[in-house]
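Take 3 as the starting number for the sequence shown in the numbering used here and just add one per residue.
Hints listed in this document are in silico derivations from the structure and should not be mistaken for laboratory results.
Warning: the hint list may mix true and false statements.
[What the hints assert, rightly or not] In silico DSS-like links for lysine-lysine, alpha-carbon gap of 27 Å or less:
#1 K333 with K165
#2 K230 with K285
#3 K363 with K59
#4 K340 with K363
#5 K165 with K230
#6 K299 with K216
#7 K259 with K230
#8 K285 with K358
#9 K169 with K358
#10 K259 with K333
#11 K340 with K77
#12 K230 with K298
#13 K299 with K333
#14 K165 with K298
#15 K259 with K298
#16 K285 with K216
#17 K299 with K285
#18 K59 with K285
#19 K299 with K363
#20 K340 with K169
#21 K216 with K298
#22 K230 with K169
Nothing here was measured: the structure is a model prediction, and the numbers come from that model.
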Amino acid sequence: MSNNQLGASSSRPPQSNSEDHHDNENFLSSNSEGENEPQRTGGDFRQVPPVVINGTKSQIINASIVESPLWSNVKLLHLSENMRAREDQHFSDFLLRIGNGEEPTIENDMIRIPDSMSMPWEGEYSVDELIRTFFTDLSAHTYDADYMQSRALITPLNDDVNKLNEKALAAFLDEEVTYYSFDSVADDTRNLYLPKFFNSLSPGNLPPHMITLKKGSPIMLLRNIGPKIGLCNGTRLICRRFGRNLIEAEILAGQFKGMRVFLPRILLNSAEDARMPFEMTHKQFPVRLSFALTIKKSQGQTIPNVGIYLPNHAFSHGQLYVALSRGVSEKTTKVLVKNGSINGHVGIYTRNVVYKEIFAKLRSG
3 MSNNQLGASS
13 SRPPQSNSED
23 HHDNENFLSS
33 NSEGENEPQR
43 TGGDFRQVPP
53 VVINGTKSQI
63 INASIVESPL
73 WSNVKLLHLS
83 ENMRAREDQH
93 FSDFLLRIGN
103 GEEPTIENDM
113 IRIPDSMSMP
123 WEGEYSVDEL
133 IRTFFTDLSA
143 HTYDADYMQS
153 RALITPLNDD
163 VNKLNEKALA
173 AFLDEEVTYY
183 SFDSVADDTR
193 NLYLPKFFNS
203 LSPGNLPPHM
213 ITLKKGSPIM
223 LLRNIGPKIG
233 LCNGTRLICR
243 RFGRNLIEAE
253 ILAGQFKGMR
263 VFLPRILLNS
273 AEDARMPFEM
283 THKQFPVRLS
293 FALTIKKSQG
303 QTIPNVGIYL
313 PNHAFSHGQL
323 YVALSRGVSE
333 KTTKVLVKNG
343 SINGHVGIYT
353 RNVVYKEIFA
363 KLRSG
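Throw the hints in and build the complete structure from the sequences for me.
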């Protein structure tokens with residue numbers, strides 16, 4: 003009898019007996035209906051739930067696996083130790099209160115960021131200061147894989163990720179290389195769409211039309227292209243050499259840390275993005291710069307030195323928890339909130355969105 007590894011907390015209720023893979027921190031053991039084979043899955047329901055584009059709170063909750071008809075067959079087991087932050091119990095306890103929605107709040111779910119973790123907002127200059135805090139003298143660390151692996155900035159939205167990455171990349175003195183995508187639409191026999199129009203689109207599940215890199219810059223894979231050698235969606239690497247149709251890179255963490263690999267251009271499509279009125283084919287390297295990551299994309303990462311940039315407050319369940327819990331200690335985690343001041347209150351505040359209805363389902367399941 004074999005065991006299957008599955009993902010849970012960020013997965014939708016299954017239409018079949020298979021689930022998406024995810025890095026998670028609890029442990030579930032379940033029997034699928036119609037099968038005698040036990041399936042094992044992990045999930046932390048404090049983390050970001052399944053994405054429902056423009057979904058309401060109730061739609062997001064209903065998309066959780068706890069709403070699956072199979073949930074009644076699940077045997078729930080709990081892990082109790084935060085392995086990332088086990089050296090800082092005070093920080094670990096703080097994270098647990100954030101994740102459970104138990105940290106004291108004032109108006110509109112606003113929680114106070116500990117003074118030791120907060121960076122003051124003093125205008126757009128503060129963003130540059132955040133980058134300098136975590137990527138000090140980048141040119142001196144061009145070939146330092148451990149330095150790049152141990153730090154990142156995270157923020158909720160892709161637009162802000164792109165801005166942070168561009169600012170950080172500019173600090174490298176090496177010559178830059180730019181790769182452009184080749185885009186098309188199936189069955190566009192009348193050439194209704196100009197290439198310039200395709201190039202302006204940026205579906206969240208595709209790499210950018212224009213990717214600018216330098217030797218030593220960190221990147222993240224956006225697709226599973228070689229799981230057996232560690233090349234999975236979410237793998238972070240550092241650029242070593244550039245060819246016309248290949249990027250030589252070094253894996254930054256995990257079992258295959260230090261391995262040199264060649265990344266090719268591949269065909270991707272926008273089929274997963276419901277906001278697109280057509281299916282676009284996109285030939286590009288399946289990577290993005292990873293000085294900065296979205297909160298969603300950082301899920302599952304351990305980042306010893308993490309800077310969290312919140313130009314806007316969290317807007318969905320688990321976002322703040324995921325951002326903060328990428329770090330390993332209060333000392334090495336910093337938070338920059340653009341609109342963090344509240345009249346009549348001392349300190350820096352941000353919103354902590356927690357859908358406690360999901361936890362109620364866990365207790366009643």
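Here is how each hint holds up against the structure:
Simply put, K333 and K165 have alpha-carbon atoms about 26 Å apart, close enough for the 27 Å limit, and the pair holds. Using a Cα cut-off of 27 Å, the hinted pair K230 and K285 holds, with the two alpha carbons roughly 23 Å apart. Proximity of K363 to K59 is assessed by CA-CA distance (about 15 Å); at most 27 Å being required, the pair is judged to hold. For the hint pairing K340 with K363, the CA-to-CA distance comes to about 35 Å; that exceeds 27 Å, so the pair is violated.
A distance of roughly 33 Å separates the Cα atoms of K165 and K230; the hinted pair therefore is violated under the 27 Å criterion. Restraint check: the Cα-Cα separation between K299 and K216 comes to about 22 Å, which is no more than 27 Å; the hinted pair holds. Between K259 and K230 the alpha-carbon distance is near 13 Å, which keeps this suggested pair within the 27 Å criterion. Annotation: proposed proximity of K285 to K358 is violated, straight-line Cα distance about 42 Å (limit 27 Å).
Taking the CA atoms of K169 and K358, the gap is near 38 Å; set against the 27 Å cutoff, the hint is violated. About 26 Å separates the Cα atoms of K259 and K333, which keeps this hinted pair within 27 Å; it holds. Our distance criterion of 27 Å between C-alpha atoms is broken by K340 and K77, whose separation comes to about 43 Å. A threshold of 27 Å between alpha carbons decides the hint, and for K230 with K298 the separation of about 24 Å falls inside it, so the pair holds.
Proximity of K299 to K333 is assessed by CA-CA distance (about 23 Å); at most 27 Å being required, the pair is judged to hold. Between K165 and K298 the CA atoms are separated by roughly 17 Å; this keeps the pair inside 27 Å, and the hint holds. Restraint check: the Cα-Cα separation between K259 and K298 comes to about 23 Å, which is no more than 27 Å; the hinted pair holds. As the CA atoms of K285 and K216 are separated by approximately 20 Å, the hinted pair is consistent with the 27 Å bound.
This hinted pair checks out: K299 and K285 have alpha carbons roughly 22 Å apart, not beyond 27 Å. Straight-line distance between C-alpha atoms of K59 and K285 comes to about 35 Å, which puts the hinted pair past the 27 Å bound. Note on K299 and K363: the hinted pairing holds, with a Cα-Cα distance of about 26 Å set against a maximum of 27 Å. Under the criterion of a C-alpha separation no larger than 27 Å, the hint pairing K340 with K169 is consistent with the structure, at around 18 Å.
Proximity of K216 to K298 is assessed by CA-CA distance (about 25 Å); at most 27 Å being required, the pair is judged to hold. A distance of roughly 34 Å separates the Cα atoms of K230 and K169; the hinted pair therefore is violated under the 27 Å criterion.
Violated hints for the displayed structure, listed by number in ascending order: 4, 5, 8, 9, 11, 18, 22.
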